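Peer 1: Taken in sequence, the protein lines are chains A and B.
For the first sequence, the positions run 632 to 703 when my numbering is used.
For the second sequence, the positions run 632 to 703 when my numbering is used.
By construction, these hints were calculated from the structure, which means they are not laboratory data.
You may find that some hints are simply not true.
Stated by the list, open to error - With a straight-line cut-off of 16 Å between C-alpha atoms, the simulated EDC-like cross-links for lysine to aspartate or glutamate are:
id	chain 1	residue 1	chain 2	residue 2
1	B	K657	A	E687
2	A	K657	B	E683
3	A	K639	A	D668
4	B	K661	B	E641
5	A	K661	A	E641
6	B	K657	B	E687
Unchecked claim - These stretches of chain A come out as covered by chain B in the derived footprint (C-beta under 8 Å, 3 or more residues):
id	segment
7	636-645
8	648-659
9	663-677
These figures come from a predicted structure and were not determined experimentally.
All C-beta atoms, glycine included, are put in the ideal place defined by N, C-alpha and C.
There are 2 protein chains.
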Amino acid sequence: MSVVHEFKVEMTCGGCSSAVQRVLGKLGDKIEDVNIDLDARTVAVKSSMPAEELLEVIKKTGKTTTYVGVKN
Amino acid sequence: MSVVHEFKVEMTCGGCSSAVQRVLGKLGDKIEDVNIDLDARTVAVKSSMPAEELLEVIKKTGKTTTYVGVKN
């Protein structure tokens, strides 16, 4: 079952958010949707993958990332 | 033998360059020095690691990266 997991990611410019988008994009079909709010520094990911795995993927960008929780 | 490999990395803010620095930092002792020029968008890495491996590591950030060559 897919849920939307929200993460706080230290993004400060459009290059930052593009990088996050690209890294998540590499997961292909495993990701149903990605919603990035640069001002709020949040990344919402719709996926059936566990939050912990998604966290590891986003952390690959080198950006400080924390898991917020499931978004309703 | 350590050489300095130069890469062109699509960095647009301090957050971008910090992310690159952090990802390379995870390699620990394998990296002797990292020199990032945000304006020039270049990353110079002193290491005995092959350029191809360094390229893969930097690409993990999700930023468009190309290898320039060995810097003298």
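Peer 1: Among the hints numbered above, which are violated by the structure, and what are their numbers in rising order?
Peer 2: 2, 4, 5, 9
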